[in-house]
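> Okay, here's what each chain looks like letter by letter:
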Amino acid sequence: MTSTAVTATPATAEVTALQTALAGEHAAIYGYGIVGAHLRGGARVGAETAYDAHRARRDQLRDLIVERGATPVAAAAGYRLPRPVETATDATLLATELEERLAAVWLDAVAALEGELRGLAGRVLQEVAVRAATWRGGSVPFPGLTGEG
Amino acid sequence: MDQAGPSRRAVLAGAGVLAVAACSGGTRREAPEPDPDLPIRALAIDGVRRLVDLYDVVGRAHPSLGPELAPLAAETASHLAALQQPPAAATTSASTPTPSPTVSAPPTVAGARAALARAERHEADLRVSQLARASASLARLLAAIGASEATHAVMLSATR
Chain A
-8 MTSTAVTATP ATAEVTALQT ALAGEHAAIY GYGIVGAHLR GGARVGAETA YDAHRARRDQ
52 LRDLIVERGA TPVAAAAGYR LPRPVETATD ATLLATELEE RLAAVWLDAV AALEGELRGL
112 AGRVLQEVAV RAATWRGGSV PFPGLTGEG
Chain B
409 MDQAGPSRRA VLAGAGVLAV AACSGGTRRE APEPDPDLPI RALAIDGVRR LVDLYDVVGR
469 AHPSLGPELA PLAAETASHL AALQQPPAAA TTSASTPTPS PTVSAPPTVA GARAALARAE
529 RHEADLRVSQ LARASASLAR LLAAIGASEA THAVMLSATR
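Chains as they are written, first to last, in our numbering: chain A, -8 to 140; chain B, 409 to 568.
None of these hints come from the bench; they were simulated from the model. Certain hints may be false.
Reference excerpt, derived from the structure (chain B facing chain A, CB under 7 Å, subset only) [claimed, not checked]:
1. S486
2. L488
3. A540
4. R541
5. A551
6. A558
7. V562
Note that this is a predicted model, so its numbers are computed, not measured. In this text, a Cβ means the ideal position worked out from N, Cα and C, and glycines have one as well.
All chains should be modelled from the sequences, with the hints used to inform the complete structure.
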């Protein structure tokens, strides 16, 4: 009843949460490469800004993981897109989905992390939600909370 | 062996951003217990209620903002409802809802939007500051609400 033998130690849980977020950022970076290629003008600029933001977040996560004596997870060799991206509309939809799914990843990080890192995850979630709303053209009541709201 | 190395779960989650529907893994069952979240939940409720009141006052003073504010006000109301959902929070909270008679609407439409944007941004910051003291499950809710508030702030700040 009081045994916690099968649960991860706090340090391991923290690294796992950071690795999960890093893996999500890798995927988003890949996705934005495709998004940007299909957009022009202001939307293109928005995609490039988001791409840069995700790369910066990736680098921060790598540092945090290395600081904890672990090896940062690498990007996958390839990612499957939910559907073909051929038009600007497809690209905008993909960008929305990337941010929405990343919101779920970061919300999981909020729950898994503690203290300052949890605060960081909460701030990242806000940025992700703002970008999702920008692509979507509207807000949602509970960003990242799947199956609710 | 290399427990700190890239875990399979992490890699799968990365694919989840792009491949299938993201499986939100944070909803592990938590046993009912005396609610240590009560104080922080009450703080969040107070904050969200301030926003509800402000939307109400601004909406009355500036009916032309109605169509723009209605969805945001509705989401804010849903934040309040979600925070009040556990009966414990609603019934055992000692603090009576503080009426906010001091809330008043800025005279201009632009001023009203700016005031709402500032209030949403302020509350979004408070939500982050409340995370560390909350349980994992309440932290999820607070973080999601904060993300919505941050979104509202940006939308209200957008030039029209």
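> Take the hints in turn and mark each one as holding or not.
The hints, checked one at a time:
With 7 Å as the threshold, the beta carbon of S486 of chain B comes within range of chain A, its nearest partner Cβ sitting at about 5 Å, so the hint holds. A distance limit of 7 Å between C-beta atoms decides the matter here; for L488 of chain B the minimum to chain A is near 11 Å, and the interface restraint is violated. With 7 Å as the threshold, the beta carbon of A540 of chain B comes within range of chain A, its nearest partner Cβ sitting at about 5 Å, so the hint holds. Nearest Cβ of chain A to the Cβ of R541 of chain B: about 10 Å, over the 7 Å cut. The hint is violated.
Using the Cβ-Cβ criterion of 7 Å, the hint placing A551 of chain B at the interface with chain A is satisfied: the shortest such distance is roughly 4 Å. At about 4 Å, the closest approach between the beta carbon of A558 of chain B and any beta carbon in chain A falls short of 7 Å, and the interface hint on this residue holds. The interface hint given for V562 of chain B is met, as the beta carbon of that residue sits about 5 Å from the closest beta carbon of chain A, less than 7 Å.
Comparing the model with each earlier hint shows violations of hints 2 and 4; every other hint is respected.
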